[in-house]
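**Q** Sequence:
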Amino acid sequence: MSPVLAGVLQLLALIGALALVYVPAGDYMARVYSSKKHLRVEKWIYKSIGADPDAEMRWPAYLRGVLAFSAVSVLFLYLLQRLQGVLPGSLGFSSVNPAQSFDTAVSFVTNTNWQSYYGEQTMGHVVQTAGLAVQNFVSAAVGIAVAVALVRGFARSRTGQLGNFWADLVRGTVRILVPGAVIAAVILVACGAIQNFSGIHEVGQFMGGSQQWNGGAVASQEAIKELGTNGGGYFNAN
Numbered sequence: 001m002s003p004v005l006a007g008v009l010q011l012l013a014l015i016g017a018l019a020l021v022y023v024p025a026g027d028y029m030a031r032v033y034s035s036k037k038h039l040r041v042e043k044w045i046y047k048s049i050g051a052d053p054d055a056e057m058r059w060p061a062y063l064r065g066v067l068a069f070s071a072v073s074v075l076f077l078y079l080l081q082r083l084q085g086v087l088p089g090s091l092g093f094s095s096v097n098p099a100q101s102f103d104t105a106v107s108f109v110t111n112t113n114w115q116s117y118y119g120e121q122t123m124g125h126v127v128q129t130a131g132l133a134v135q136n137f138v139s140a141a142v143g144i145a146v147a148v149a150l151v152r153g154f155a156r157s158r159t160g161q162l163g164n165f166w167a168d169l170v171r172g173t174v175r176i177l178v179p180g181a182v183i184a185a186v187i188l189v190a191c192g193a194i195q196n197f198s199g200i201h202e203v204g205q206f207m208g209g210s211q212q213w214n215g216g217a218v219a220s221q222e223a224i225k226e227l228g229t230n231g232g233g234y235f236n237a238n
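Quick note on my numbering: the sequence shown kicks off at 1 and runs consecutively.
What the hints contain is simulated information worked out from the structure, not anything from laboratory work. Please note that the accuracy of each hint is not assured.
[Said to hold, decoys possible] Pairwise CB distance ranges, derived in the manner of DEER restraints:
(1) G85 x L39: 34 to 42 Å
(2) L18 x W59: 25 to 33 Å
(3) L20 x G153: 28 to 36 Å
Note that the coordinates shown come from a computational prediction; the quantities given were computed from them, not determined experimentally. Beta carbons: idealized from backbone N, C-alpha and C, even for Gly.
With the sequences and hints as input, model every part of the structure.
**A** Structure follows, in structure tokens:
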């Protein structure tokens with residue numbers, strides 16, 4: 001099969017899959033963001049952050065929520081990278097330098113995911129899973145929440161209420177992104193993707209010589225990377 005034909009077939013398969021799922025997926029998302037009920041885990045999250053999910057917000061309050069959450073996320077991810085050298089599961093990697101830490105933190109929090117480092121040679125397990133993978137979830141959830149608020153703004157012509165940012169953020173993560181990523185991660189593991197917390201291994205090559213290969217929670221991170229349209233991956237060969 002020629003590369004051109006393979007590309008065309010892949011595109012047609014993608015279009016066909018989207019045609020099959022866009023109505024049920026869209027209906028499900030509409031129910032998620034319009035529901036008045038809160039799951040138990042969602043209630044626990046709201047309580048832990050002191051948010052009232054039933055309080056409607058006008059656009060200034062919604063915007064403040066987006067900016068506040070993003071600022072805290074940047075700070076957390078920055079500090080996580082700067083402290084990598086003293087964290088468990090660092091694979092012997094030192095702390096990331098300040099400029100690189102800030103660049104990566106802003107990139108992943110804004111969902112642009114510009115990656116100017118070798119992931120497998122720079123980030124240990126904690127930074128990859130508790131830092132970058134988490135941002136792959138919540139940065140995508142923030143983007144979806146803003147899109148939902150925009151739709152509400154057009155649909156609600158007689159009110160300035162856009163919903164609740166914290167409810168939209170949590171629901172998008174818990175009810176949409178996490179279930180989808182779990183399913184995708186299981187499929188990736190079944191296909192042979194790495195999913196462990198092992199160290200660096202010396203692997204023999206078919207043509208001779210050897211190569212260092214480190215383990216990690218690759219399948220789970222790649223799953224949300226694709227689902228959340230995130231750019232940054234676990235390995236440099238992304």
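**Q** Decide, hint by hint, whether the structure agrees.
**A** Here is how each hint holds up against the structure:
Separated by about 38 Å at the C-beta atoms, G85 and L39 satisfy the suggested range of 34 to 42 Å. The given range of 25 to 33 Å is respected by L18 and W59, whose C-beta atoms sit roughly 31 Å from each other. Checked against the given bound of 28 to 36 Å, the beta carbons of L20 and G153, roughly 30 Å apart, stay inside it.
The structure agrees with every numbered hint stated previously.
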